[in-house]
Structure formats: structure tokens, C-alpha cells
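S.K.: Using the sequences and the hints given, assemble the complete structure.
Protein chains in written order, with this note's numbering: chain C, 1 to 174; chain V, 1 to 174; chain G, 1 to 475; chain B, 1 to 475.
Hints are computed from structural coordinates only; laboratory data are not their basis.
Don't be surprised by glycine CBs; every beta carbon is placed ideally from N, CA and C.
Hints may be right or wrong, so weigh each one.
[Said to hold, decoys possible] Label-pair distances were calculated between CB atoms; the ranges are: (1) THR33(C) to ASN331(B): 45 to 51 Å; (2) GLY193(B) to THR408(G): 42 to 48 Å; (3) ARG359(B) to GLU125(V): 36 to 42 Å; (4) PRO130(G) to GLU40(V): 52 to 58 Å; (5) THR248(G) to GLU38(V): 54 to 60 Å; (6) LYS2(C) to ARG73(B): 28 to 34 Å; (7) ASP69(B) to THR395(G): 34 to 40 Å; (8) THR248(G) to VAL112(B): 50 to 56 Å; (9) ARG359(B) to GLN155(V): 52 to 58 Å; (10) LYS320(B) to ALA435(G): 48 to 54 Å.
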Amino acid sequence: MKRTLILGKNQHDVELLRQDGVTTLVWEGQSQTIDILELEPGCYSILLDGRSVEVRLDKAKSADPEAHAYSAMLYDGAYAFSLVDPRRALLSGTGSTGSGGGLLMSPMPGKIVKLLVKAGDQVQEGQTLLVMEAVKMQDELKTSTTGTVKTVHVQEGAAVETGASLVTVEAAEA
Amino acid sequence: MKRTLILGKNQHDVELLRQDGVTTLVWEGQSQTIDILELEPGCYSILLDGRSVEVRLDKAKSADPEAHAYSAMLYDGAYAFSLVDPRRALLSGTGSTGSGGGLLMSPMPGKIVKLLVKAGDQVQEGQTLLVMEAVKMQDELKTSTTGTVKTVHVQEGAAVETGASLVTVEAAEA
Amino acid sequence: MPVTKILIANRGEIAIRVIRTCREMGIPTVAVYSEADRSALHVRMATEAYFIGPAPARESYLVIEKILDVCKRSGADAVHPGYGFLSENAEAARAFQAAGITFIGPDPDCIVKMGSKTAAREVAIAAGCPVVPGIQETMGDEALLEASKKIGFPVMLKAAMGGGGKGMRLVHHPDEFTSSLARARGEALSSFGDDSVYVEKAILQPRHIEIQVFSDTHGNHVYMHERECSVQRRHQKVIEEAPSPHVTPEMRKAMGEAALQVARAVNYVGAGTVEFLADADRNFYFLEMNTRLQVEHPVTEWITGLDLVKWQILVARGEKLPLTQDQIPLNGWAMECRVYAEDPDKNFMPSPGRITFLRTPSGRNVRDDSGVYEGAEVPMFYDPMISKLSTWGSTRLEAIERMRGALTEYRIGGIRHNIAFHEALMDYAPFREGALHTGILDKPFWKRKEQGPDLKFAVAVAMLHELETEQRRAT
Amino acid sequence: MPVTKILIANRGEIAIRVIRTCREMGIPTVAVYSEADRSALHVRMATEAYFIGPAPARESYLVIEKILDVCKRSGADAVHPGYGFLSENAEAARAFQAAGITFIGPDPDCIVKMGSKTAAREVAIAAGCPVVPGIQETMGDEALLEASKKIGFPVMLKAAMGGGGKGMRLVHHPDEFTSSLARARGEALSSFGDDSVYVEKAILQPRHIEIQVFSDTHGNHVYMHERECSVQRRHQKVIEEAPSPHVTPEMRKAMGEAALQVARAVNYVGAGTVEFLADADRNFYFLEMNTRLQVEHPVTEWITGLDLVKWQILVARGEKLPLTQDQIPLNGWAMECRVYAEDPDKNFMPSPGRITFLRTPSGRNVRDDSGVYEGAEVPMFYDPMISKLSTWGSTRLEAIERMRGALTEYRIGGIRHNIAFHEALMDYAPFREGALHTGILDKPFWKRKEQGPDLKFAVAVAMLHELETEQRRAT
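M.R.: Here you go:
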């Protein structure tokens, strides 16, 4: 089954085919033979036509039960990917997502110092949604989606972990 | 509640008391203040009146559901300990156990090549109960208990893991 | 003096570092820990460990009476302070002395003298060690401005009791002077409880080069060559190396001897570091002296083959230095990267939390001085440095390539860290060429690399595979 | 010759070792793996990895055509054989040559010559290198007995095609000769497919000391001093060190020059090792030459600061040796322990299985060349060596104490291993004193230590705590 992989502002049609014991990745129509081995939960050794790559997925918590979205980070904590149904990719306007489908996630463990939006608010890409604090430093968290605030998942004063869902913004129709 | 700790041929009365937030180990009537922290499952950092000791317990599989025995090994895989109810310690004649209450456990992953006893057989300390094979080397496994074979937990040809129960010998009354 | 059981009044990698040498010397160690550190590696590795209070350092690691109390309970007859915390606290050194406990460091008077920048500068001048032209007295605002005009702009304002870059201000022009001075005084007051500020000639694009010195109680002093510490971010060292690509044999000898002049002038004892600024013409100027073991001592250990902690203990026992000046080796090149729990994508904000996965590099001439383990918690209360990765090569380029290889192997999960930043630095042309100065990182050179196509493909494969597995489980 | 992409025809720690140097040199690597090794560390760390068949080595790692096929598929233009497997297989070296692929090792003819003990001995004699008195010809039983009587008992019987101690027998008296010979022939036949046996004068309590040599394609040869490998169990090295406590500067020079004579005589190219037996009077005798990188090469890397794998690659590219003989350093002392998945309590029986927990030592001058990771499977099909732990110190005692500290930090769960055995060896008086000979481990010196009271207390605490937790959960 075809899915859409979202990487930052890019999205790619991807599919995994398994036939006669051979697994093939189809990436934007291009096929390559792959071999995948789960070394431990979330850690994969993958051979792409022989090239050896290791991937460690840390599933980010998603508070949106309808999302079918699948967010992941590499071990260095820097990249966010989502895997969605192609139809949803169109609907959610993922062309402008930062960390997956308009969902703002916590980049660190810390405390929510100030919430600047509530559900129903109209927001612009780059607008600050809330302020977090960790190790006595404050950080303004901004959205990368223009649209409407759908859900605010946290309260002021709450302590959150890395990857916790903070605010979901529904993208405006393009 | 008092228990008996079995180490090789020795046994010791032990008890853990918790009072007013202070934990005390009573070892053969002698008390010392302890602090225990589980670092990860089975791995403990323990402070004994300040002295820092680390213990990693690998629970050995016990096939005897009635045993209430608790077998453990340190990380270097060399020592076996059991913890039993004091009454059972007397009954099972643990004065002569090797790896806990007459239970012979597999020292390595391997194959059972030959079984030399069946339930009901009388055996002597030092008698070979079975032959195992690993990496093309065979090893005779002997019992350290004189008594009657109660249960043979494995069949010839079976593949077993380290710590698997092989044969239980009930000690003869002294 | 007897040193038969050592209390380490510190935490993190430096506590581990001291424990390792003590083990080799057969000396039992006593760790202390705060509420945030019960599960810390130093507690697990020490012979004994005692609780000393709440997480904030001022309520635990900095409380002299608590450390003294643990000495009594454990029978420790010596204290190794590491760096930071009580390491340059003369009051602590005096309290240990009074209690008959060996403080592994110099005499308290020496700590006091070198703790004041102005007093240290006076010592250096008297010892014939070159200093940056400037007015060492602290004075009022007007007088400071007049003095600055005499020295000639640009000038540097510095907190008299300062360190670590706090309370330092570069002033290019008299017009900015008043506002810069106000901010310097404010920072000095809040950081050191004292708003005294002095003024110096600003050395533009300076190099920070320091000399490791070692002295015993018999009046012997040696230097162990230089460390190059110019790669800094906001006055904090990021990468250190030894030797320095800027230093010639003549300059090394001149700097070493100047450093020893200072050490001799204060009857220094133990491990110390004399920091210098050097300009493009290889002039060098005394900056300050640190009266303790330095974070970056491993690069000196690599090029000399010596164990600096062992030397500290031998000196504390009253033994003579094991080697004379001409016996101190200098082999090859060493590099050190400070690995921090911080987010290079978010202005290097600290990133405390649980280390869910850890794979440390190993192999030929790679050393990882780590204070953590897989499953460890990086507390938010302390410095977020979690490890110092150092490498040695027969040449500077070999040490750099080895460091890049080791960084590639380093895997840390659960927290943000600066491994990718260090990797990028190893490829940064000015760094590779050795064209270092303390502002080398001011120019934004770094952007996290785009993932290559293979990594993208692999992520797609892993995610599709996990999704399939999940769906199979659900049905 | 071009060496732009290297296939490593090996597994385990040596494959990792080669990958690390290739990374530093910017050379992509190609791993091969059998069915038992899909999850092995070398597959994860290499740039590329290809499947080559079933677990038994003779169906995968030893099949020349499969390696050649992967060279073609991956575009690798060079093969590094590591040690063991195809490393001393002249047929393989020829096949690679024929396919235009650079074999990182000496010429096939040289491998053939040195692969036969008798031929190698002839070369040594012709080159003026001392050999053990004996009859190098293989001959019938009667003739061998007569020859032995001429040499004088005790004598040593050796398999002509042998190695690793197999097919070797010490015969003290003519009466034992016939039965010993039969067993030696039997072992030789089953191990090497050839029952040829020859006889030599037995050197009692000999030391095994070897010289590392390096040669390029331009006729340059250097030696990198000796390694002391006398600590053996059943003719298998257990601990290696460099330099040797037995070797004086004069002896080092004499052995080094004798080794170079042999290398020159066969126009040797690359890394090689000339093994000697030495007696108490510092006489030394040629034993054999290994035409490959040695397991124990890290101790040489520690004392010289050189990267032997890098030198192998430079030589394979046709470059000249980077240093001349008088530029080869010799600094301090290095020690290596071979860490095996084996049970020292059960006659060192191999202990394959899953490594459920792994904490490797680190810190100053500690190197761990490991082929495993936490969660890795140690397959039952290959040599059970999982790591080589090496340390450096400025003196032999410092290297020993550092090794003991590092062994204390080494934690391996899930399989049996020989860490505690090595720890005991570090405390064994004959070893510490350097009174080494190849029989040093024959005397049973080792018994696993009784746990101290603290460990017993702690076990009691942990077990009681787990039981309580379990019971709380049950109710």
C-alpha cells in the first residue's frame, strides 16, 4: 500500500513490496532491493542494494488519535518524519508542516511557562504558540503552519517530556 | 520475614527490615543500614553503610513451580544463589546443593546429547546425570546432591538456554 | 602527608577520571552525591558513596561542612576537588587543612592570590611574565574611561573576581564605554557578588593558549607544554588540542618559562594552568592562573604519556616530581571535543533528560571520559557536559580524522547533543588549517546536514516496516 | 595499485579494526556476512554489506568465488583479509590478482613458501637467521627416532603444515617416542590433511617472542620491535605485551635484524611477523613467519604510535614506507588481554549466546577492539574471541595496573567469559615479575575468587528486594 513520507517541507510517495522473499522499496516510482533487520525495538539495520544504513526510530507521542500519522526521530533527535495516508497528506496541507501535520511537539523536557493561543485561534506560520522553560532558559515555540488551532494538548505550568504533543494546528486550505 | 540465602554449600539467615524510611539488612543477626536503587530491571546499586556495590541478577528459569526458590547469577555468570523459606532449606537438604536445592541447571546454551537418569533413580553426589554439547564440545553434567531424581525437565535432543532447569534431585534425609 | 583514602568532592566525568587513577594506585575512593545523583556513575564506581543533600550544588556539593562530615564518617584522609565546585575555594582548602585532611591542590593563600585577577596580574608583572597592557586597579567609572583612552581603544572590560567569560566586554569606541561598563558591572555583581571591573588593551583575534605546570613541595617546577583552547563559544572552550599549531619550539620554551616564573613566585604546589593570550605575531600575555586540574588535561596526557591525577596524588603525599623538565615528552598531537547535552539547533540550549541509548566510540587512540551510561539521567542542575572525547594522532590531521571517525561512532539517544556540531567543525576549513582565534565560532558556519538519500530511504523502510508490524498486531 | 574501496574478507573485531582506519582515510568499506552474521557489528559499521552464504566458514568466508563475486557487485578494488580465513591462502591471493583486485598482503609465492614450516626454515637458514637445531626433513618413523637421538632428548615433534600448536608433541625420552609420534601424526592429519611430521630440539621453558616487520614494494624493510607472547594456554596466546621484559636493547636489535634478513630473503611486502623462541640465555631461534596482520598488533601500535592497517594500505597502493628504521619509536609499555566467550570454570569451553548486557571500559590509555555490542549474538560457528582489551603505561607495572582497572570496568552479561581469569592473571606473581615462558599457565594457578562479604550482603539485599516486589505485584 502506497503511503506518503513527510520530511520537513518535502513529501514522497513510498511503498514496501514483498514478493518471493524479496523486499523492495519503491521511492517515487524507483525500486531498490532492501533487507531489513530489527536489531532491538526501534533500531533497524537496513541494506539498500548492499549499502548499510542504521536507523533508530524514537516514536514521538501523538495526541491526535485520528492522525494515522507516524512521527519518528533519528537518534540524534534532530529530524522529524511522518508517514501518512496519501489522502490525509493532501488534506492536512503538509506542504508547510514543521514537525508533522501541524502538530507542534516539545523539543525538550521542560515546563510550559505561557500558552499564547487557544483552540479556534487563527495563527500564521512563524507565530509563537507558547513559551517553555528548561534549565532556567526560556524558549519560544513557533508554528510552521498557517491555519486554525485545533487542540491545545497542555496547560500552563505542566511538565512535559521530549516529543510530547503541545498544539495541533489545522492547515488552512491552500 | 526471615529467609535463607543459599550460596554454594553455605546458608545464611537474612531479612530486610523497613522502618521510618530506613532499610536495614539483618545478616545472621547482624544489622547494617542499606540503600537500594534499581538502575534498570535486575540491576541494583546498593550502598551498605556507604560501601557501594552493584549487583546484576539474571533470574534462572526454574521449572519447579512449588519451589518458592529464587535463583540468581551475577553478571559474570559464575555464581548461583537461591533464596528460600527457612523450612524448605531444611527439607531440601541444601547443605549439599550446587546450583540451588538439588536443581541442576544448564551452564550454557546447547543440546542435550544423552540423558543418563530418569525420575525415581537413586543418584550420588558427583554422578553424571546427562551429557550436553555446545560448539562441538561435550560436557558431562554432574549432580552435587545425593538422593532421588524427582523430575527430568528435558528430553534427549532438546536445545536449551543457559539457566534452563535440567534435572531436580531430592536430597536424601541426612 | 598520608593519602590513603580519597574523597572526591565532585561529580560527572571528572569524578570518574579520579576514581580510575585511584583504582590503578590501589587507593579506595569516597563519592558524595546529591538528591539528583543517586543513580550517577560516580556513585556506582566509587568504593563508597554518601548522600550530601538536595540537588542544587549550593546545598550539597558546595557545602564544606557536609564534605568534612563525610570525610569523618568514611575515614577519608584526602580530598580531590576536581574542577569547579570547591576546587578554587580557599575557605574549603583551609577547612580541610584545619581538620587534618589533605587538600589535593595548592596552598589556600595561593588560591586567594590567583583567584583575584588584579592580584594575579601583579604577581605576573613582579615575576617578569608579560601581561596585557592595562590598568590593573579597579576604579570608578570616570577614571576607567580616562585610563581606557590612555591605553587606546579597543579595550576590554573585565570583572576583577571573574572567570568563564562572565563580566567581560569589548569596547571599540569611547561612545559605547558608559553603557558597556554598566553591563559589565551588572554581570560581575550577579555572577561574583562584586562589581569591581578593570580595563585592558583588547587583543583582536587572540588565541587562547595555556601552559600546564606542575610543582611539588620541594620547590621543583616543570611545564608540560601548551594547550590550544582558542575554539570557544561565548568564552567557553569547545575544542582543545595539544600542542598548538601556532606555537614554535622557541615560543613554547618562552611561554613555559614565563609560566614557571609565575608558579615559582607563589610557591605553587600541584597541577596548575597559566593561561595566555597570544597575538598573530606570537606575542603572549598572562591572562590568569587556574589553581586546579583543568577540564582539558587529557590532551596533555596524550602528548606526554603522563597521568596528571597520579602526579597530583604523588605531590599531595609530599613526593618529588617524577620527572625533570627535559624528561617531559612531547609526542604527536591530541584533540578533545566536549560533548554536551545541549541543542545546537536551538542556540545550544541545555537538554537534560534520560539517555535512552548510548554507544561510545572505541578503537585505536580514542579516549572517552564519560560521566554517564545508558539509562542515566542528565540532571538539569549541573553543567550539561556529559563526556570529553579525545583522540591522538601522529600528526594534527591524523588526530582530526580519528576524531571525525570517533564522532561518527558516538550514538546518544533521548537527549539533544552536540556531536553533529563537532563533526561539522572537523570539516570546517579554518579549523582544519589551524587558523584559530577565540572568535572562530562567532561566524555562523554550521548548518545541520541534510540527510543523504540513503538515510531517507532507510527511514522510509523502517517506518513502513513498523507500520506493517503494528497493523499486523492490531488485526 | 588503486585501493579506493576495500572489501574486508573477515568478521568480528578485525573487520571493525580495518573499517576504523578506512573511515579515517576516507575509503569506503565492503563487509561480507554469513547467515550467522546478519546482525554482526561489522555489517552495521561498513559502508556496504553483502550476504555470502551459510554459517560454516567453509561455505561462506572461505569461498574465494563468493568474495570475488562481491568485489564485482560492489566495485571493491582491494581485499583486506584480516587474520585467519583467507589471510594466508595463496590460492585466494592468486585469484584476486588474476581478477585485477589488490590483495592487501604479500605475494602468493611468499605465502606458499612461509606456509610450509620446513620451507620457511630453509629460508631462515639460508638468510643466516638462527633456527632451533633439528632435522627439517619429514621422514619415516624409524628415521625420525634416529634423528631425535642425534639431536638429543628432549625433542619436539611438529606437523610440517601445522600452526596454532596442533600436531605438536614434546618427547622427553626415547621410550615415549613411538606413541607420541603416532598421536602427532594423527592430529596433523585431521587438522591439516597431511601427516608429515619433523623433529626439533626442545627448548625448555621457552619464551615466544615475535618481531613485527613491514616491507614495501620498493625493497624497504623495517622492524617495529618485539611482542612478548609467551602467556599461552594450549599453544594459544592469551596475553601479549610489547616490549618484552626479557629483551635487552642488544637482543632487540639482533632479533630485528635477523627478522629483516628473512623478510629480505623472500622479497616480503606488507605487514609480517617473524616468530622466535628464546631461551633463558637470550638465544633466539626462528620459529615461523606469519604473512599477515597479527591478532596482537595493537600492542605494537601502542608503543610505536603507528597505524599498522594504514601502513598496509599505503604499501598496497605502492607507496614507500613512511618511516625509516631509526624513526620507529618505542615508548612505554603495552598489554593486551584476549577476551573470549568461554567458561574458565569449565575448562575454557566456548560459551556462545546472546550478550544481554555490555559495559566496556574506557578512560586514559585503554583501548577495546571489540566485535560485539549489547544485544549481539556470539555465533557458535567461529572463534569465540569477542574483544581485545589493551592498555598502555609508561612502565610495565603501570600497564598492568591500568589493565586490572579496565578489567574491573568490563561487564558482559548473558554469556560466560574470561574477564575474571585475566583479572587473576594480573595479580599472579610470576606474571607480574615478568618471569614468562610458554608453560606459565600449565600450573593451575587460578581459582575463581570467593565473593567478599559486601557482595554477599548486596546479593541478599537485591534478592530480598526482588522477592518483595514480586509478592507485592502478586497480591
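S.K.: Could you run down the list of hints and mark each one as holding or not?
M.R.: Going through the hints against the structure:
A hinted range of 45 to 51 Å for the beta carbons of THR33(C) and ASN331(B) is consistent with their spacing of about 50 Å. Between GLY193(B) and THR408(G) the C-beta distance comes to about 44 Å, which sits within the given range of 42 to 48 Å. Between ARG359(B) and GLU125(V) the beta carbon distance is about 37 Å. The supplied range of 36 to 42 Å therefore holds. As the Cβ distance of PRO130(G) to GLU40(V) is approximately 55 Å, the hint placing it in 52 to 58 Å holds.
A C-beta distance of roughly 57 Å is found between THR248(G) and GLU38(V), which places it inside the suggested range of 54 to 60 Å. In this structure the hint that LYS2(C) and ARG73(B) lie 28 to 34 Å apart at CB holds, the actual value being about 30 Å. Evaluation of the 34 to 40 Å hint for ASP69(B) and THR395(G) yields a pass: the beta carbon distance comes to about 38 Å. Distance hint check for THR248(G) and VAL112(B): the Cβ-Cβ separation is about 53 Å, which falls inside the suggested range of 50 to 56 Å.
In this structure, ARG359(B) and GLN155(V) break the distance hint of 52 to 58 Å, their C-beta atoms being roughly 37 Å apart. Range check, LYS320(B) to ALA435(G): about 31 Å between beta-carbon atoms, so the 48 to 54 Å window is missed.
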